[in-house]
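Protein chains: 2
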Amino acid sequence: MLHSVDQILLDDLTGLPCSAQRRALAKIITLLESTRLDHRHRADEVLNALLPKTGKSFRLGISGVPGVGKSTLIETLGLYLIEQGHRVAVLAIDPSSSISGGSILGDKTRMERLSVLDGAFIRPSPSSGTLGGVAEKTREAMLVAEAAGFDVVIVETVGVGQSEIAVAGMTDMFLLMQLPNAGDDLQAIKKGVMEIADLIVINKVDIDADAAMRAQLFITSSLRLLGFQGNPDHASNDQKLWHPLVMTMSALQGNGVKELWEKIQQFKQLQTTNGKLQSRRQQQAGAWMWDRVDAGLKNAFRNNPAVQTLLPGFIAEVNQGTMAPSVAARRLLEAMGHEFF
Amino acid sequence: MLHSVDQILLDDLTGLPCSAQRRALAKIITLLESTRLDHRHRADEVLNALLPKTGKSFRLGISGVPGVGKSTLIETLGLYLIEQGHRVAVLAIDPSSSISGGSILGDKTRMERLSVLDGAFIRPSPSSGTLGGVAEKTREAMLVAEAAGFDVVIVETVGVGQSEIAVAGMTDMFLLMQLPNAGDDLQAIKKGVMEIADLIVINKVDIDADAAMRAQLFITSSLRLLGFQGNPDHASNDQKLWHPLVMTMSALQGNGVKELWEKIQQFKQLQTTNGKLQSRRQQQAGAWMWDRVDAGLKNAFRNNPAVQTLLPGFIAEVNQGTMAPSVAARRLLEAMGHEFF
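Listed in order, the protein sequences are those of chains V and W. For the first sequence, UniProt numbering assigns the number 1 to the initial residue and increments by one for each residue that follows. For the second sequence, UniProt numbering assigns the number 1 to the initial residue and increments by one for each residue that follows.
It should be emphasised that the hints constitute simulated quantities derived from the structure, not laboratory data. Treat the numbers as computed from the prediction; the structure is a model and nothing was measured. Some hints could be false.
Identical copies carry no separate label here, and so any pair may be met within one copy or between two of them.
What the hints assert, rightly or not - Simulated crosslink set (BS3-like; lysine-lysine; CA at most 30 Å straight-line): (1) K258 to K276; (2) K263 to K298; (3) K263 to K53; (4) K298 to K53.
I would like the entire structure built from these sequences, with the hints used as guidance.
Shown next, in the form of structure tokens:
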């Protein structure tokens with residue numbers, strides 16, 4: 001059952017854009033981020049109630065190493081989109097914030113011109129929890145922003161750990177920003193990020209146009225060597241499928257923002273027509289559920305009293321080599337009451 | 001309690017090398033691979049009983065794409081080592097065997113000269129189960145081979161899925177074989193395999209020496225660009241730490257086998273002196289236990305009656321967008337009796 005307070009929040013959220021809506025949006029996201037059990041139950045009811053109003057935005061993931069110019073690009077793109085009549089929400093996934101306690105992403109001060117506009121909503125990364133937990137809160141926040149009528153949702157992340165994979169796994173399009181140097185390119189290939197990018201933007205072309213062109217050539221040939229010309233999901237001669245693009249721009253000078261948005265629109269159009277946008281969202285919803293099931297199972301294991309009693313001794317025995325790791329695992333699961341496997 | 005039949009097998013296994021030992025080795029591995037519950041209980045007792053006799057071999061992981069020349073290298077190296085008085089066990093991890101029903105790795109016919117020698121033991125990949133299950137059986141088989149006195153255990157795998165990561169996670173040294181072409185190099189970088197290699201061998205130098213040299217230069221500069229010169233676990237100016245090496249050879253012509261073994265011996269010596277060999281094994285034992293705990297938890301989830309009842313409907317609702325994936329996950333875990341999270 002939906003809490004009566006939450007019903008009012010929901011009405012505000014889906015009402016006309018005004019300060020009440022903005023307040024409701026912030027309050028609901030805070031409710032979702034709460035670790036209190038009663039809050040979590042209420043949050044689930046709210047989520048299910050607003051689901052029918054979600055899914056109508058375009059979800060754009062943006063990643064790149066610190067210093068690549070993500071905030072500059074997002075502010076420039078956001079201002080351009082609001083000028084065109086769009087409403088833009090910017091969310092962030094910053095796994096490092098759970099360590100430092102402070103977020104290096106999504107703070108309003110970085111996007112000063114964008115954050116003051118009525119058409120924009122900027123929310124920093126949830127500041128505690130594992131990547132899985134932080135990603136879940138961001139996914140949920142995305143749904144709330146959609147229910148509030150934001151039609152472009154940008155999720156940004158730094159290239160820490162598996163955060164790019166998490167962002168690509170919750171958005172319709174994944175845009176990877178690269179610095180014009182080969183080390184950055186190889187890192188992206190190594191992490192498997194290059195291959196999941198729908199669009200690769202080499203930023204800061206204003207600083208070194210030659211290096212940017214070299215990077216563009218290297219990435220293009222790398223994608224070919226990695227076999228993406230033969231991969232039907234990425235590129236083919238079939239005009240119905242999207243070919244990952246490599247473009248250069250200067251987010252600081254604003255050069256290429258219009259062209260960037262045109263490319264994004266082309267992508268959206270194509271993916272809508274060929275059904276990939278919908279199938280990707282369905283696949284993402286399934287993967288999200290399984291992610292959370294996995295996390296919950298691990299949590300249940302850690303909190304099981306029998307496991308807590310046995311675990312320290314077993315770990316010591318495994319370390320000393322007096323118990324085989326596979327035997328230890330099976331005995332811990334038996335202690336939990338799970339069938340032997 | 002150890003089964004009396006298994007006690008006899010264990011006595012044979014750890015007795016003098018003879019046909020009885022070889023038979024015991026094969027029988028115990030078959031017991032470990034059995035999916036019968038009573039066999040699994042017996043297998044665990046056997047494993048714990050033989051543990052004190054394990055750990056004395058050098059564990060060498062070898063990977064590379066099909067056609068790179070793994071069998072040729074292993075046979076050439078194996079024959080060389082047996083000539084030097086070593087006893088060599090060759091195990092395999094082939095995740096594709098669970099799909100095809102047949103193993104493309106580790107079949108004795110591929111290593112005709114090695115397989116007939118008393119000092120060699122060759123065991124194909126377990127032919128069913130997930131990668132995690134196949135890897136577990138291979139880890140356990142490695143312990144049995146060690147208890148039987150094999151002092152070099154080679155675990156080979158094809159570059160399918162995460163099998164290289166599994167092999168690197170159970171061996172003292174990970175040797176990556178590469179073909180002399182840039183596509184192969186980029187694939188290895190993309191999969192994160194290059195960075196976990198202790199030694200990279202570019203094979204088939206006899207076919208194209210120029211291409212092999214280019215590959216050597218490319219890999220060396222890639223490792224530098226990926227930052228491994230600054231990574232204390234891989235390379236540094238500190239002579240106490242191992243620097244990953246890139247060498248060329250022709251396994252077919254036997255060129256470089258002696259040099260290869262010398263490098264492996266240098267690695268072993270250094271890792272023993274600086275304590276990395278032992279810390280790596282401890283870390284691997286812990287990771288193995290957690291891997292199996294994860295697999296067991298997923299198994300318990302799948303087999304839970306309440307989950308089996310609810311899951312199909314929940315998946316449909318998540319697909320249709322009428323239930324949030326995170327809500328579905330939490331309700332499934334509650335149905336299992338796990339605390340809300």
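Hints versus structure:
1. K258 to K276: Result: close within a single copy only, 24 Å intra versus 54 Å inter.
2. K263 to K298: Classified as neither: same-chain Cα gap 41 Å, cross-chain 41 Å, threshold 30 Å.
3. K263 to K53: within (27 Å within a copy, 63 Å between copies)
4. K298 to K53: neither (32 Å within a copy, 33 Å between copies)
Of the numbered hints given earlier, the model fails hints 2, 4; all others are met.
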